[in-house]
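**Student:** Letter by letter, the chains look like this.
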Amino acid sequence: MKTNGFFKQAVIIGSIAWMALFAFIPNILVGLASFCSTSAQNFIEPVWGFHNYGQLMDQAHLDILLSSLRLSGLVTLICLVVAYPFAAILARTRKDKRNTLLLLVIIPFWTNSLVRTYAMTAMLNSSGIVNNLLIFLGIISEPLAMMYTPGAVVLGLVYTLLPFMILPLYAALERLDRRYLEAARDLGASPWKAFWRVVVPLTMPGIVSGCMLVFLPGIGMFYVSDVLGGARAMLLGNFIRDQFLSTRNWPLGAAASVTLTALMGIMLLLYWHSTRRLGQDSAL
Amino acid sequence: MIRTVRRIYAFLIYVFLYLPLVVMIVYSFNASKFSMAWKGATLDWYVKLLGNTGLMQAAWHSLLIAALAATCSSLLGALIAMALHRWRFPSRKVIHSSLFVMMMSPDIVIGISLLVLFMALSLPLGFWTLLMAHVTLCVPFVVITVHARMLGFDPHVVEAARDLGAGDYEVFRYIVLPMTFPAVLAGWFMSFTLSIDDVIISFFTTGPTFEVLPLRIYSMVRLGLKPEVNALCALMIGITAVAVFFSQRLLKEKP
Chain A
1 MKTNGFFKQA VIIGSIAWMA LFAFIPNILV GLASFCSTSA QNFIEPVWGF HNYGQLMDQA
61 HLDILLSSLR LSGLVTLICL VVAYPFAAIL ARTRKDKRNT LLLLVIIPFW TNSLVRTYAM
121 TAMLNSSGIV NNLLIFLGII SEPLAMMYTP GAVVLGLVYT LLPFMILPLY AALERLDRRY
181 LEAARDLGAS PWKAFWRVVV PLTMPGIVSG CMLVFLPGIG MFYVSDVLGG ARAMLLGNFI
241 RDQFLSTRNW PLGAAASVTL TALMGIMLLL YWHSTRRLGQ DSAL
Chain B
285 MIRTVRRIYA FLIYVFLYLP LVVMIVYSFN ASKFSMAWKG ATLDWYVKLL GNTGLMQAAW
345 HSLLIAALAA TCSSLLGALI AMALHRWRFP SRKVIHSSLF VMMMSPDIVI GISLLVLFMA
405 LSLPLGFWTL LMAHVTLCVP FVVITVHARM LGFDPHVVEA ARDLGAGDYE VFRYIVLPMT
465 FPAVLAGWFM SFTLSIDDVI ISFFTTGPTF EVLPLRIYSM VRLGLKPEVN ALCALMIGIT
525 AVAVFFSQRL LKEKP
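Sequences listed follow chains A and B, in order.
Take 1 as the starting number for the first sequence in our numbering and just add one per residue.
Take 285 as the starting number for the second sequence in our numbering and just add one per residue.
Heads up, some of the hints might be wrong.
Claimed, not checked - Here are the simulated BS3-like pairs of lysine-lysine, each with C-alpha atoms no more than 30 Å apart in a straight line: (1) K97(A) x K323(B); (2) K510(B) x K332(B); (3) K8(A) x K332(B); (4) K510(B) x K377(B); (5) K536(B) x K95(A); (6) K323(B) x K510(B); (7) K193(A) x K95(A).
Stated by the list, open to error - To give an idea of the interface, some chain B residues facing chain A are shown, with a C-beta separation under 7 Å as derived from the structure: (8) M308; (9) S316; (10) A367; (11) V483; (12) Y502; (13) G522; (14) A525; (15) Q532.
Think of the hints as simulated: they come from the structure by calculation, not from any bench.
Computed from a prediction, not measured in an experiment: that's the story for all the values here.
Positions of the beta carbon are idealized from the N, C-alpha and C atoms, including for glycine.
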């Protein structure tokens, strides 16, 4: 047997080195930066302390953080409630039709979310489709000001992120063994009870990963809030971007980014826990 | 009855997903410049788009970066997937989990961490930093796709090749790569769309010397509705749809 251990060594060392350089070191640097200070000469001055995290707990910053979490939480909830029945319908469609229907969800999933956000402005504008339709139907007489409101940002985020909720839910519902449901019904559970006690726990990994894929970008996608929300920066993402590009307080921005990473950590733990409970392979 | 309700519900979701896109594509052919009122069909905005050199250059940059990033990341991703699949080495599990975490990470977190890295290495922001950033964005997706396909493999094929004297490189080149090729190619298309659609990571990792299309659209969109933007967005939707269609076809192919 020919052993060219060199290739194997090179691939393994290359993989580790690549991961270290582009995944581990950058995040460690951000973590370190979040404990530094800033000065007029340097973005990052090695004067250590927890002051950036303290500053994030200021009333003004805390308001941004909490309102961003609230907004994203609302978006996640709407997506979950809208997507769950849809994913269930999709999972029960005949196989030949299902692939086409699925492709129709995957296309917006991959389409530029900025383009999709922009498409939403044409709907919500004072001269847009929604206003014209409502006027035509005689429901309103004057165009409603829908753009540049928190509602528009929520709608825009739901619109761009809905496919990210549908697909994991679909994956979970598709692998759901319907016999469990029948067994629950045979044993006397009401449909409602069977849903809450059987279907929901069994699809929990899908629910958690869908929520993660909506909630986290919902905090970070600053351009949605820019395009649909106007001048008022409503997301933590806008705040982070401003710290890095206009206010130039990198350590404070880094601390906000670390906070976002910590939120992701919590959600990943939830995901891990939910797959663990089902004895499924988690990718973690 | 329930069937009808289900159908209507599914139909409404598709309307919600597609109506804004369809409206935008239709309006990209609208002759009227300032209002949303329909003034007849025209291709003017597409012609105007072609005449806008700044925009065309940004589009060329985007395609170039997308093609390069897709090629680098599918190759790199295939190698990493094989390393994870075939060999046991320290930190293997850490790398596998980290790739999953990277896939889940919000773009803004990735963008900022790479910006800080490039600053620490004092690399000027531009073509190279953008390329590295996009490869970083895409590799986890390729690894997960290719790795999933490797799990469906018959391990005896590799054993047979080894018994017949193939070394690690030969196994990769003549067995693993051809067998996973549909997944690698699907990963290529996936990376291509990821790269061409990315706004946030590009926002932090490229400089004024190398402008890409999504950032250009971003600055145009902030200034308000323009018919050329409609045309441009319609084109981008078309490119994405084609790439998605091919990558899905490839993933369906049986190993």
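**Student:** Are the hints correct? Go through all of them and say.
**Tutor:** Status of each hint after checking the structure:
1. Among the hinted pairs, K97(A) with K323(B) is inconsistent with the structure: their alpha-carbon atoms are about 38 Å apart, more than 30 Å.
2. Only pairs whose Cα atoms come within 30 Å are accepted, and K510(B) paired with K332(B) is accepted, the gap being roughly 12 Å.
3. Taking the CA atoms of K8(A) and K332(B), the gap is about 53 Å. The hint is violated against a cut of 30 Å.
4. Between K510(B) and K377(B), the direct Cα distance comes to roughly 49 Å. Violation of the 30 Å bound is thereby established for this hinted pair.
5. Only pairs whose Cα atoms come within 30 Å are accepted, and K536(B) paired with K95(A) is accepted, the gap being roughly 13 Å.
6. The straight-line distance between the Cα atoms of K323(B) and K510(B) is roughly 15 Å, inside the 30 Å bound, and the hint therefore holds.
7. Taking the CA atoms of K193(A) and K95(A), the gap is about 28 Å. The hint holds against a cut of 30 Å.
8. About 4 Å separates the beta-carbon of M308(B) from the nearest beta-carbon of chain A, less than 7 Å, and the hint is met.
9. Given hint, S316(B) at the interface with chain A, is violated; its Cβ is 11 Å from that chain's nearest Cβ, farther than 7 Å.
10. Here the hint on A367(B) is kept, as its CB sits about 5 Å from the closest CB of chain A, short of 7 Å.
11. For V483(B), the interface hint holds, the least distance from its beta-carbon to any beta-carbon of chain A being 5 Å, beneath 7 Å.
12. Hint on Y502(B) holds. Least Cβ distance to chain A is approximately 6 Å, under the 7 Å limit.
13. Interface hint status for G522(B): violated, as the beta-carbon distance to the closest one in chain A is roughly 10 Å, over 7 Å.
14. Against a cut-off of 7 Å between C-beta atoms, the interface hint on A525(B) holds, since the closest Cβ of chain A lies about 5 Å away.
15. At its closest, the beta carbon of Q532(B) sits 6 Å from a beta carbon of chain A; the interface hint therefore holds under the 7 Å criterion.
Checked against the numbered hints listed earlier, the structure breaks hints 1, 3, 4, 9 and 13; every other hint is satisfied.
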